[in-house]
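Novice: Sequence:
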Amino acid sequence: MRLDPPPKHTMRVHELAKELGWPPARLIDELRRRGEWVKSAMSTIEAPVVRAIRRDFAAADPPADPEHSLEPALYGDSADLALPTEPPGETFAQALARVKAEPPLHHQKSATSKTGRWRPPVLQALLDEVIAQRPEHLHPNGECFGWELKKAEKMHLRWTAARLDGLAGEDPIVIEWIRLSGGQRPHLAAELSSASITPGEAGLRLGYSGRVDTRMDTLYVRFRDRRITRSEVIVAVRQWRQNTATG
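Just remember that the numbering used here sits 38 ahead of the position in the sequence shown, which is counted from 1.
Check before you lean on any hint, since a few could be wrong.
Said to hold, decoys possible - Below 27 Å or equal to it, Euclidean Cα-Cα: the simulated DSS-like pairs (lysine-lysine) are:
no., residue 1, residue 2
1, Lys192, Lys77
2, Lys56, Lys188
3, Lys56, Lys77
4, Lys192, Lys56
5, Lys77, Lys188
None of these hints come from the bench; they were simulated from the model. All figures in this text were calculated on a predicted structure; none of them were measured in a lab.
Sequences are here, hints too, so could you generate the full structure?
Specialist: Dropping the structure here:
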């Protein structure tokens, strides 16, 4: 009597990468980001990790087994009731040739469903505007490199800590602070924000009595370089607000 083979508990990196439609290097980066120790595309992955990767990144439709199923397009027009029936008098050979010439619907659907993972807006801003400052077409497969994501995540942790230490406002405000500061020294943004100073005000070039002076560096840069104190920033912004209110 022949027994069924035991269930497969591991999977090689290149096998899962092929299933996802990824290059093996991208999957290796993702696994290392999750703390998994992998050396190459031939490394094995345990079943729980495989399930987690599939859950997060697999296409909505499971990969079809070519030995037991056909792509929908190869079933002919009957696979989609919205399509018109085949022309009258068309032979089987003609119908088969026509179907094979059409684009495979399954592959089109899978490609559009494999989008990047959602990220918090602040983390995405750090990636796009601080870490990966290059044209979108240079990203591998439309995604960032593994080292870029790790660096952005570390910066994101620092900005999250600053939000607990005085940095006020919703995500769009925090992103303005990131643009102003280049993503660096979030504690400085927290110091100014806790004094009710906005990113726009910190980016003003103010001189004597809160008047705009384009020859000066921004308040933020002068505060960052310790050329002025926070109290002096507060006074300058207060005077600027008064000048603006009185016209």
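Novice: Would you mind marking each hint as holding or not holding in the structure?
Specialist: Hints, one by one, checked against the model:
Taking the CA atoms of lysine 192 and lysine 77, the gap is about 24 Å. The hint holds against a cut of 27 Å. Annotation: proposed proximity of lysine 56 to lysine 188 holds, straight-line Cα distance about 24 Å (limit 27 Å). Pair hint lysine 56 plus lysine 77 holds up; C-alpha atoms about 17 Å apart against a cutoff of 27 Å. For the hint pairing lysine 192 with lysine 56, the CA-to-CA distance comes to about 30 Å; that exceeds 27 Å, so the pair is violated.
Restraint check for lysine 77 and lysine 188: satisfied, since their Cα atoms lie roughly 18 Å apart, inside the 27 Å limit.
Hint check: a violation occurs at hint 4 only; the rest are consistent with the structure.
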